[in-house]
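A.B. asks: The residues making up each chain are set out below.
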Amino acid sequence: MLISYNWLKEYVNVEISPSELADKITKSGIEVEMVESLNKGISGVVVGYVEECIQHPNADKLRVCKVDVGQGEVSQIVCGAPNVAQGQKVAVAVPGAVLPGNFKIKKAKLRGEESHGMICSLTELGVDTKLVPKEYATGIFVMPSDAEPGSDALEYLNLNDHVLELGLTPNRADCLNVIGVANEVAAILEQEVKLPNTSITTTEEKAEDFISVHIESLEDNPYYGAMIIRDVKIGPSPLWMQNRLMASGIRPINNIVDITNYVLLEYGQPLHAFDYNRLGSKEIVIRRAAEGEHIQTLDDQDRKLKESHLVITNGKDPIAVAGVMGGATSEVQSDTTNVLLEAAYFTSGRVRAASKDLGLRSEASSRYEKGIDRNRVYAAAMRAASLMADIAGGQVAEGIVEAGKREVNSYSVKMDVSRMNNLLGTEITSEQTASIFNRLGFAYKESDGRFEVNVPSRRPDITIEADLIEEVGRIYGYDRIPTTYLLSEARPGGLTKNQAQRRNIRTYLEGAGLYQAVTYALTTPAKSTHFSFSDEKVYPISVAHPMSEERSTLRMSLLPQLLEVLQYNRNRSMEDLAIYEMGSVFINRQEVLTDLPEEYVFVSGAVTGVFNEHLWQGERKTVDFYVLKGILEGLMGELNLSERITYEAGEIENMHPGRTAIVKLDGISVGFVGQLHPALQKELDVKDTYVFELNATSLLDKETDQMVYQTLPRYPSITRDIALVVDQQLPAGDLTTVIQAAGGELLKEVNLFDLYEGEKMEEGKKSLAFSLKYFDPERTLTDEEVVTAHNRVLKSLEERFGAQLRK
Amino acid sequence: MKDRLEALKVEAIGQIKEAQDLKDLQAVKVAYLGKKGPITEVLKGMGKLSAEERPVVGAYANQVRDSIQQELDKKQAELENAAIAEKLSKETIDVSLPGRPVKKGNPHPLTAVVTEIEDLFLSMGFTIAEGPEVETDYYNFEALNLPKGHPARDMQDSFFITEDILLRTQTSPVQARTMEKHEGEGPVKIISPGKVYRRDNDDATHSHQFMQIEGLVVDQNVRLSDLKGVLETFAKKMFGEDRKIRLRPSFFPFTEPSVEMDISCFKCSGKGCSICKQTGWIEILGAGMVHPNVLEMAGFDSKKYTGFAFGMGPERIAMLKYGIDDIRHFYANDIRFLKQFKNA
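Those protein sequence lines, which keep their order, are chains L and X.
Position one of the first sequence corresponds to residue 67 (this note's numbering), numbered consecutively onward.
Position one of the second sequence corresponds to residue 5 (this note's numbering), numbered consecutively onward.
So that you can see chain X by itself, here it is in the shape it has in the complex (with noise of 0.2 Å):
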């Protein structure tokens, strides 16, 4: 009987090895471990063996069918792991292609830079205030220091309404009606940034519509040399940690004294180039200290309060951070332009 499961044991593992597939595999395993299979019937012919044979053969015929069945198992295996890999190679795919776009805009420049302006005062200690596009004539012109007839009122050729109503022509009007609303008490610290309008006829430097981002600091003890400080600040922030600030005196009416304040080059470092033109220096913003009237006709005491302003705009600043060459672009929206500002 011995050479009887030995033989089939030889006979099972030579099927199993030649199984093609998992069926094939079952086939065998039904075919000798089965109710029906030799080795169940070796076992069944026990009861003619004496007490004696009957452990051993028994013990025997386990080893055997436990060999098959270790060998049924390490086939099977075998076969579902060539079966995983088959089917893992049928599902290739070319992973160079495409993948499928994300939906997704982005900010205009103008956008992207007044935010950043804003995000840099507001780290300062800056609120953002906010006015009417549409104003009086007094808040516009009055309040700072304009009155009718001024001279400085030709250097802003602006778009009346009625007499008394315009588009304003700089965002200065909101620091007018914030200091009024302090009621003469300090400290004011604000940015305002915003749409204004001037009667000029659009071309590559000029825009009737235009953006602009005014500061003003107002309480006791504030000093040009602090206006220095801010505005150097923001000039590292902006456009570098190795650029220079440098004053200009110039003229304002609203400010006394006046400064421009031109930054050394960010392209050539101050040797001079095209964007500079040679100078080394770029105009970036005009400034100032509040000039006492304006102090005085907003409700503040100019003998207790001083303090600064400074407006530049955007327009400008995202035309020499960008290197665009046209105003208009800014305007015309086309989507071939706005597009290249994804990372603004």
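So here's chain L without its partners, still in its complex pose (with noise of 0.2 Å):
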């Protein structure tokens, strides 16, 4: 909402500066986002009369003429706009004056012609191009005719005045009219509001013998009143209208618009002028549209409307669409002479349900959705038809024909002044507080600290008592209020087990070498699929509206995401990377979305190029299966999880089918790691590309052992190597399960430290070297004891998978 300084000062008293008011106005409670001034920095500019205008002898398109710029001065000036004409008073930039955007006018010769300054339209004043009225949109901005040669045009102009850009929060609709601002100026400055004159001499005609109304439906038009204004001529308003108008951002159109426009700024009260001659009936009809009912609006478009939408229509045909947009057939033109002017009150509903569909938003329609003050619709009414006899020439016939009930009953609400204080930590007195209802422009009883406040009708928002509360504490102020601390009883805070996992997980993963990143969960659906490794039959989620294709479903996996971040990466060079993300996942398993879906913490990464490096020694090593895998083999020992975790080679959509191992806790599947299919790597262009996919949820929910202390070893232990030769096929996984589960107690440690494949072996054969370490804590071993488990081991490796001694 802007308003202007000047405007907001007819109503009440103000002594300080608009930037003083702004910042006041924001401490207590109305955000001033920008305070602006109207003048961008113009001196030197003054009205003057054109005495003389003729044709520059050199050039078609220029105008030399005499301009009186005061004190007898007249000055020759050549001007290129169309409009100039002999008889109009002008603003002239005198030489040595400063034009916005430190333009400075200086003495020229144009094409042979001496030109002593410049006659200015609005736009090279600063007033923004949309907001100049049309007749002058392509020329110079022609004064009123009682304007005094040399005297200062920006009085003139109002562009002295400063505009305040209010923030305002759907709370505080009062305040997007002028008069509701004074109201909230005058309770923070403690002053008076003065109201506009509303007094109307009328005509001898009355209103109901032009026009009735009817209204079918009350819930959606509480209140509709008219009034008939004859005989006005349309006409440009005067310069001090079109001044606010501008000011406040609305182009200035012919008097009977600006008149509504103006009263619709001052009270906030939507306000129509249809031409009388033109309603083609001598009734006004508010009800329903029907469903594809047609209406021309005023923008000359053809509009389809629902039967959501509510109409005004005279009897027949629709002649607006309520509180959005008046009709192209019944539209105030320059020939009109008899005005029926509509006050309403149509409820917010309807009117964003019609602005909605039809994608029309007005200064009306949007006041009408955040509600307006019942109570001023008459006196708007009656300020505007004033207006349209003292501006246009009018003559008001007697009386307002109305529908519905013009006024609501007001209601009170109640206040404890220890309850607030309790509430906000203060000490405030009952009599502060009366002084701050009187300020406000609130009616009140007061006994013992206990007041009744009769709610105004143009502060809705306020329905508890804890509204009451924050009025009081806004304007006392907040910076008055002291900082205290909690007094309720100290409690521990602290993570829980899951969150002080999570942590631990990210730590131990930015340790290993893997950045994190942050992406978004929605996606397309095509990519919310990939890489799924659940059973059971999922539904994607697509949100209803989305912004973009790219945007529409929500993931069920952290992959496809962190691939585009690769590639994000590798466009821009850099093609080693290492990373991985920790976020929810959604699973849907209900065909129709009803209940909740299952959300999941995923933890995932990525890592592609180089992974070791160290160039000017020579090491150069890219990722493989076997670094992610010591990843994960490091993050399950962090989790305490090593020993309930398997391996097993498997297949996932997108994976490369050999190098893809799923990891399983106790059996059961917590995700997969391993490489990108080539095709897709291909696909992404990136270099050879390994990930990994754990549901965290499912690792950190698994109670795990408390840790105990081992004691410290006291006999030595004993070390077996042993080679083996088995078939190529053979995972060495399955040798290491069947020798811890040979070797017995005793043994305690089976580590691989060779893996032969070359030429010297057998065709389909390899070679595999385990140290074995066997331990007793309670006592020294015997070689006898060691033997007896050894050859147990080397016997049960040769039954199960046809193991030989490699000699």
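Heads up, some of the hints might be wrong.
Taking lysine-lysine pairs in the PhoX-like style, the calculated list, with each CA pair at most 20 Å apart, reads [stated by the list, open to error]:
hint, chain 1, residue 1, chain 2, residue 2
1, L, 593, L, 603
2, L, 511, L, 480
3, L, 873, L, 861
4, X, 6, X, 52
5, L, 90, X, 275
6, X, 281, L, 93
7, L, 861, L, 839
8, L, 436, X, 152
9, L, 687, X, 108
10, L, 272, L, 348
11, L, 687, X, 107
12, L, 695, X, 108
It should be emphasised that the hints constitute simulated quantities derived from the structure, not laboratory data.
Assemble the dimeric complex from its two separately framed chains, guided by the hints.
C.D. replies: If you want it as structure tokens, here you go:
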């Protein structure tokens, strides 16, 4: 909402500067987002009188003017505006003047003719082109004939004014008009509000003889008032009114339309002027539109209406969409003489429905949507009619033709001063409270610190005690509220085990060399299903109105987005990357989503290109499967789950079929690790890329053993190495499992330390070497015991896998 | 014989001094002190001496032997030291060459900011509450005093999935869920960090996905002045001990009274600069006293209990703290961006 400082001062006494005022308004609860000076750096612009205007001898588009710029001085000025003419009062930038953008005016010669200054358009004076009245849009601005040559043109054009831009929260729709802001400012500055004059002299004719009003549903339209103003003369509105409209961001059109807009800004009451002679009947009927009914609106668009829209009709056809826009057929035009002035209260739901469906948002519709003051509808109608009489020479017919109820009943809200002080932590007295209510213009009764406040109709946001407490608190001043500390008993804060473990996972992965990424949860429908490792049928979850296909469907895996990150970086020549993300994925097993989907925290990583590098020592090792597996093994150790995790070869969509392992916890899938499918790598244009994805929710769900200290060994251990020849296809993990089982209690450690698959081996065979450590914490082992156990191991290996000791 | 011994001593010591390496020295040792060496020879000839001369010559021979041995040891030490010195000199490396890099990643800047804020509130006795990112209309709006058709719903255009299910637009539903779990019994003292979603076009200052951290305290006798105390502690710890805070009245449907908190600008200390848009103040968060309707809907007696709530945006805080100019950087994950937050 744009508020003109000069206009505001008409209703409330303000003796502080615009910026000081803005600061006080902000501190009391309405944020002033900007204070804009309408003077954008102008000096030396005066009123001039064009005494003579003749064609430039050497240029078709220029004219040479003799302009009286005051004090008897007549200057020759060359002007290119098509509308300049003898007899006009104009704004003249005299030599030495400065225009916006630090544009300095000097004497000049234009095509051989001397020019002592410049005749200005409003745009040249810093007014936004879209606010300049259409007739002056391409030329100079013509000022009223009573302007005094030589006097400051900025005063006439109100360009010394300041505009306050208010950022209004939805509860303060009462400040969507100048009088509302005047009430607020009056409370802050402890001043009175002066309301405008609404007195009218009416003719003997009665409005009810010209029109009748019928409302079909008072629920949609609780009140409608119509006034008749005859014999208006359409023309431009006075300059002061045009100036205020432009300062408020509205382009002047003609006096009748300007008056409705002016009163809208002044009272916050949307009004509409119909051309009475073009109504096509003598009745107004307000009803719901028929489904598919058409209307041509003021902007000459054909609009198709719905049953949820409210329309004003002439008893037959729609002549306006209620609260949104008037119709073209009954529009006020230059030949209009008789006006029907509408002042109505439409409910916000009806206006919102039409405004949203038709894509039409206007000053009027937004005020109806946010709620207007019903008790001000009548006053606003009177104000507008009075201005139409004064400015447009109209004759106001007696009375207002009404349907519905003009005013609403008031209500009161109770507030207890002690409860207020308990909530705010203050010691505000009853007297201070009473004084604040007086400043706000709230009527009240008080006894013993208990207030009963009669809420004015302009403040429907006040309905409960806390609302009144806020009113008192904000006028009292939040900077005067003390700083205290909670009285409640101290309890320890802290992370849950799950939260602490999630932090551990992050710290571990970062320690392992991975950078944390945070990506979007919304992706494309296609990508949402990639890398699924769920056996059950799942259904993608799409939002109803996505901003784009790219961000339409919730992810079920973090990997598609991490791969996008790799691509993004690759496109910027960064090809060696190690990243991870921890975030939610969304799994839906319902064909129609009625319950919330399942949410799991996943932790996933992607590593591509060189992982270990030490340049001058010539080390440059690209990532492989075992780098990622090693990271996961370390992570499982961190989570105390090592013993319960297995890695089994498996297949996952988009993964390399021979280089992927399913990660299982107690035999149940919790994720996977492996290389991207080469086809996908090619599509993404990335180097060999290894990824992992783990369901952290499942991992952290498990109870783990409390850590217990193990006594340090007091007896020596015995280590035996064996090299085995086995089938090439045999997983080493299977051998380890069998060795461990056969070795029994005494076998404490099994480590694979060599793998050989070279040419020295028989076709289809490989050699694996293990180091076995035997140990008993209670005593020194005898050779015999170790030999027995070791032979058991060798025998099992031979029986199970035909493994032979390598010679 | 004595002269002979003396001559041998001089000769031996001379050779010892000339020895170039341990091998030379060993040869000298064998030559003079060995079993077939001249001193041994001399001692063997002692049988011919008289009983008086024998001990004198014997003693002298031992003396000569010891002197040679001493010289040998001395020379050996010298040669060994020289050998070590030479070896060390050959082993000298260029310590100015770069070391072997240790792999180490780091947290995303948003995580760094969220963790810092979490730790701050944990130290004040708060716990962390979490909830689903896909929410019901009830918890996201209705339980927070935003019934269907409420104009404030416009303030946060939402990603609805069905009529009743949406991506949460704020982390406040976690507050509603937590209060409900408390079944009308205080105290509640939580913060709830998490991702939220709004139907915005992504640009330098808007993101359809962003983070929020909200806080909630519900107990008997919780006052707006207490909120001021907690927020002041937060502002000082997060932005510097000499920060001042300012509360301005504002509006949120779930709090009444509602406030916005500004901190004095940490760049210019209130004089006015580009960061604070010449005002000296920077808007940091929204807060207020929990609306009685919200308390009642969650099962708390609003006559007995009061509470405060606050909410802030980690993106905004990170942007202010690190001078980041575009919110999209957080989600593009350019590695050159991520790597800058090693010490965040």
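A.B. asks: Confirm or reject each hint.
C.D. replies: Consistency of the hints with the structure:
1. 593/L with 603/L: Judged against 20 Å, a Cα distance of about 16 Å means the pair holds.
2. 511/L with 480/L: Holds - the C-alpha atoms of residue 480/L and residue 511/L are around 9 Å apart, at most 20 Å.
3. 873/L with 861/L: Within the cut-off at roughly 17 Å; holds.
4. 6/X with 52/X: Since the Cα atoms of residue 6/X and residue 52/X sit roughly 14 Å apart, the hinted pair holds (cutoff 20 Å).
5. 90/L with 275/X: 18 Å, holds
6. 281/X with 93/L: 17 Å, holds
7. 861/L with 839/L: This hinted pair holds, its Cα atoms lying about 17 Å apart.
8. 436/L with 152/X: This hinted pair holds, its Cα atoms lying about 15 Å apart.
9. 687/L with 108/X: 16 Å, holds
10. 272/L with 348/L: 13 Å, holds
11. 687/L with 107/X: Judged against 20 Å, a Cα distance of about 13 Å means the pair holds.
12. 695/L with 108/X: 17 Å, holds
Of the numbered hints stated above, none is contradicted by the structure.
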